[in-house]
Amino acid sequence: MKLHDLTPVPGSRKQPQRKARGIAGKGGKTAGRGSKGQRARSKIPVGFEGGQMPLNRRIPKLGGFKNPFRVEYQAINLDVIEATELTEITPEVLHQRGLLHKGALAKVLGRGELNRSVTVKAHAFSESAKAAIVAAGGSVEVLPKPFSGRPPAKGNALTNR
0 MKLHDLTPVP
10 GSRKQPQRKA
20 RGIAGKGGKT
30 AGRGSKGQRA
40 RSKIPVGFEG
50 GQMPLNRRIP
60 KLGGFKNPFR
70 VEYQAINLDV
80 IEATELTEIT
90 PEVLHQRGLL
100 HKGALAKVLG
110 RGELNRSVTV
120 KAHAFSESAK
130 AAIVAAGGSV
140 EVLPKPFSGR
150 PPAKGNALTN
160 R
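Per numbering that gives the first Met the number 0, residue 0 is the first one in the sequence shown, and the count goes up by one each step.
It is possible that some hints are incorrect.
Unchecked claim - Label pairs and their computed distance ranges (CB to CB):
#1 Pro143 / Gly62: 57 to 65 angstroms
#2 Leu54 / Glu140: 53 to 61 angstroms
#3 Arg96 / Leu54: 52 to 60 angstroms
#4 Ile58 / Ser34: 32 to 40 angstroms
#5 Gly33 / Lys60: 41 to 49 angstroms
To be verified - Under the rule of at most 25 angstroms between Cα atoms (straight-line distance), these lysine-lysine pairs were calculated in the DSS-like manner:
#6 Lys13 / Lys35
#7 Lys120 / Lys144
#8 Lys42 / Lys25
#9 Lys129 / Lys106
#10 Lys25 / Lys13
#11 Lys101 / Lys42
Treat the hints as calculated values from the structure; they're not laboratory data.
Quick caveat, the model's predicted, so the values are computed rather than measured.
Positions of the beta carbon are idealized from the N, C-alpha and C atoms, including for glycine.
Using the sequences and the hints given, assemble the complete structure.
See below:
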């Protein structure tokens, strides 16, 4: 067998349709474009609607949703509390040690272990963290949030339009 004897398997290669090559062929005369009209002639852009405002420009583009009532916490884990070696942990103490941003709401999470009795004051606690602190003989105090209730809704429209 030589290189010029190689042929593809029958049925694996299909001949492309030769349109607009006379009425003898399958795609003769109008070549599947119908008769006359703009679409039978030159190319027109996809989505062109004859001068009418196209669908992709008629539909409003919304900028998403921003929840005005979202409360963001900064996470503090049990292993961080264990490393501080203090008996009373508050957001102010954590801020002084560089573990919490100024004015941030602290939420204690349950990563790590606590081996001593500690009083922890924070704005929120996970269930596992609360259970671990109480199991170690410590106490948990939930601080009130610095704002009263929900802030007034300002709407969800984007301001940078």
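Structure-based check of all given hints:
Checked against the hint of 57 to 65 angstroms, the pair Pro143 and Gly62 fails, with Cβ atoms roughly 34 angstroms apart. Distance hint check: the CB atoms of Leu54 and Glu140 are about 58 angstroms apart, consistent with the given range 53 to 61 angstroms. Arg96 and Leu54 have their C-beta atoms about 58 angstroms apart, which keeps the hinted 52 to 60 angstroms range intact. The hinted range of 32 to 40 angstroms is satisfied by Ile58 and Ser34, whose Cβ atoms lie roughly 33 angstroms apart.
The given range of 41 to 49 angstroms is broken by Gly33 and Lys60, whose C-beta atoms sit roughly 34 angstroms from each other. With a CA separation close to 30 angstroms, the supplied pair Lys13 and Lys35 exceeds the 25 angstroms bound. Taken as a hint, the Lys120 and Lys144 pair is honoured in the structure, with Cα atoms around 12 angstroms apart against an allowance of 25 angstroms. In summary, the hint linking Lys42 to Lys25 is supported, as the alpha carbons are separated by about 22 angstroms, within the 25 angstroms threshold.
Using a Cα cut-off of 25 angstroms, the hinted pair Lys129 and Lys106 holds, with the two alpha carbons roughly 11 angstroms apart. A threshold of 25 angstroms between alpha carbons decides the hint, and for Lys25 with Lys13 the separation of about 15 angstroms falls inside it, so the pair holds. Between the alpha carbons of Lys101 and Lys42 the distance comes to roughly 62 angstroms, so the proposed pair goes past 25 angstroms and is violated.
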